[in-house]
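Asks: Assemble chain B onto chain A, guided by the hints.
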Amino acid sequence: MNFSNLTIQEVNHMYKEGQTTLNELSSKFFDRAKNVQDKYNAFITLDSDYYNNVVEDISEELGEDHSLAGIPAVLGDNICTKNLRTTCGSKIMENYISPFNAQVVDKLLEAGVIISGKGNIDEFGAGDSKGSSYYGHSKNPWNEKITPGNGAACAIASGTALFGLASDASGNLRQSAAYCGIAGLKPTYGRVSRYGLIDYAPSLDQIGILAKNARDIALVLACTAGKDSRDVTSLDNPVPKYINEIQGQLEGLKVGIVKNWEEAGSLENEVKKSFQKEIETLKEKGVKIIEVDIPSLFHSSTVTAIIGAVEAFSNLANFDGVRFGCRAESKHLHEMYIKTRTEGLGTYLKRFLTFGAMASSEKHFNSLFLTAQKMRTKIIKELQKTLEEVDMIATPTVPFQAPSLESSGKDEGITGSADVFTSAANLAGLPAISIPVNIDTSTPTGFQLMGRTFEEGTLLKVLHSLEINKNIQWPTV
Amino acid sequence: MTVSLEEIKKAAWDARLELTSREEEVLLEEVTQLFEKAATFIKNAEGIDPTFYPVSITSVMREDKIQPSLPVSKALSNAPDADDFCFHVPRIIEE
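Chains A and B supply the protein sequences, listed in that same order. Take any residue in the first sequence, note its place counting from 1, add 1, and you have its number in our numbering. Take any residue in the second sequence, note its place counting from 1, add 993, and you have its number in our numbering.
One should not assume that every hint holds.
[What the hints assert, rightly or not] Lysine to aspartate or glutamate pairs mimicking EDC-like chemistry, simulated, CA-CA at most 16 angstroms apart: (1) B/Lys1003 <-> A/Glu363; (2) A/Lys332 <-> B/Asp1074; (3) A/Lys382 <-> B/Glu1039.
[Unchecked claim] Some chain A residues judged to face chain B by a derived CB distance under 7 angstroms, without partners named: (4) Arg86; (5) Met337; (6) Lys375.
[Unchecked claim] Simulated restraints, written as ranges between beta carbons of each label pair: (7) B/Lys1067 <-> A/Glu61: 21 to 31 angstroms; (8) B/Pro1061 <-> A/Asn261: 49 to 59 angstroms; (9) A/Pro203 <-> B/Leu998: 23 to 33 angstroms; (10) B/Asn1037 <-> A/Glu95: 36 to 46 angstroms; (11) B/Ile1059 <-> A/Phe101: 16 to 26 angstroms; (12) B/Ala1032 <-> A/Glu61: 54 to 64 angstroms; (13) B/Leu998 <-> A/Met2: 54 to 64 angstroms.
FYI, nobody ran anything at the bench for these hints, they're computed from the structure. All values reported here derive from a predicted model rather than from experimental measurement. We put the beta carbon where it would ideally sit given N, CA and C, even for glycine.
The following block holds chain A by itself, in its conformation from the complex (with noise of 0.2 angstroms):
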């Protein structure tokens, strides 16, 4: 068995035509996931009693078309699972187990999938994809000297998991998506429910897909998306058969290339390159390219950093040793409760909540926080604007390759660098997918497609046609 090629289709074919069972799949997957745990550490928890039992609960039919029973999955660990523990990459969140399953863990589990563990992230998913896990860094299976960005990504391309969740706060699933080769969407803001996901941005996060392809996140998608009445951001928008809505001709679509685009900070050459290499067989599909002014667009990443701060100051300041979570030894409550946070949290998301608070404090909040909020309508509107004109804006995702770890876990900026372009769709709360681009070197990187909201199926559309003829050859493990 192949497993870095699998997709979802592929494994559905296989169980329809007897090739295999659920028993024989589950287990060489595990077998994998643990061998590969070894080499890249993926995943921050890997549990074979609760993978058995999930396995063993599959009640779904397997090898139906559309179908995600048997499909083995891995969630972001700041999604909760009952019975596995959610670390949130942090410390302080060790020995944490949900008493109760996100709604999309629920979905997923109805569905029949096997969820094979959970994947390392970002303490709390804040940063840029850099890897501040407390459980260390994962490394990426193209390249073992740089990030993968998320461990959920780094298990998709080394072939443990056919399909991942994670969170997407200011493009950390995307950026994962470009440095692993795969693809990345994160919806629309409200639709996937968002109940039992530890987000640190609860403006701003998202939950979205990971896999090798269009269908693959066509299927995930139709699964998890929907109105959910425990979070009151959800939305009650129909949910499209999305595997029907990736079919069709891209001719006639419009794309926006931003002005000034190679103007953005870090840009490297390779991925100008990449970017403009797509944007020639867009434009051979029949794409219309047109150029759009956003201006407000290279102030996303400081405004979002600055909103994220403040919402982070606030929405994880109940991580203080009472309820759950580690506890410091100390004398009295307000020791407890500094000693536990000092003790437990990373220096990154220490400096980052501490802007946060200072963000948030009567001399900086109008003049700061009230400033970027101020910016977050003007970016909206410029980009709401543009969307009448064009069906989607193109940039590159990150306008550089993975870093390299080495350089990764060096006092990190609390303005994430890689979040230049894919930060504008979290203050909007558009949909944005990664697209993967230069897939046959060791540096895989990403196209990002942002779109309107609830048309996440028009970008899937551009995946799948840009992904037809790829004949990609996944790392060997």
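Replies: Frame of chain A; chain B shown alone:
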């Protein structure tokens, strides 16, 4: 906009954290850089209403009907120190 080391220390206290002197220095530099970036858009934001959520949230209130909730034992199951009914914390006033 400017920031001082004292402000960093005060903000850390507000966030219930203790930073090392190295962390304070790094943050001071980061915040100074961020303020410089923010200064480039402050004027552009004048006269605009702020946006706090990308979607309009209608209501956080549900119908007043009794529904099952998390049992107390489960709510307390992850606490570092608890009995059957409540969390335990150290004394509030220093000895």
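Asks: Which constraints among the numbered hints does this structure fail? Numbers only, ascending.
Replies: Hint 4 alone not satisfied by this model.
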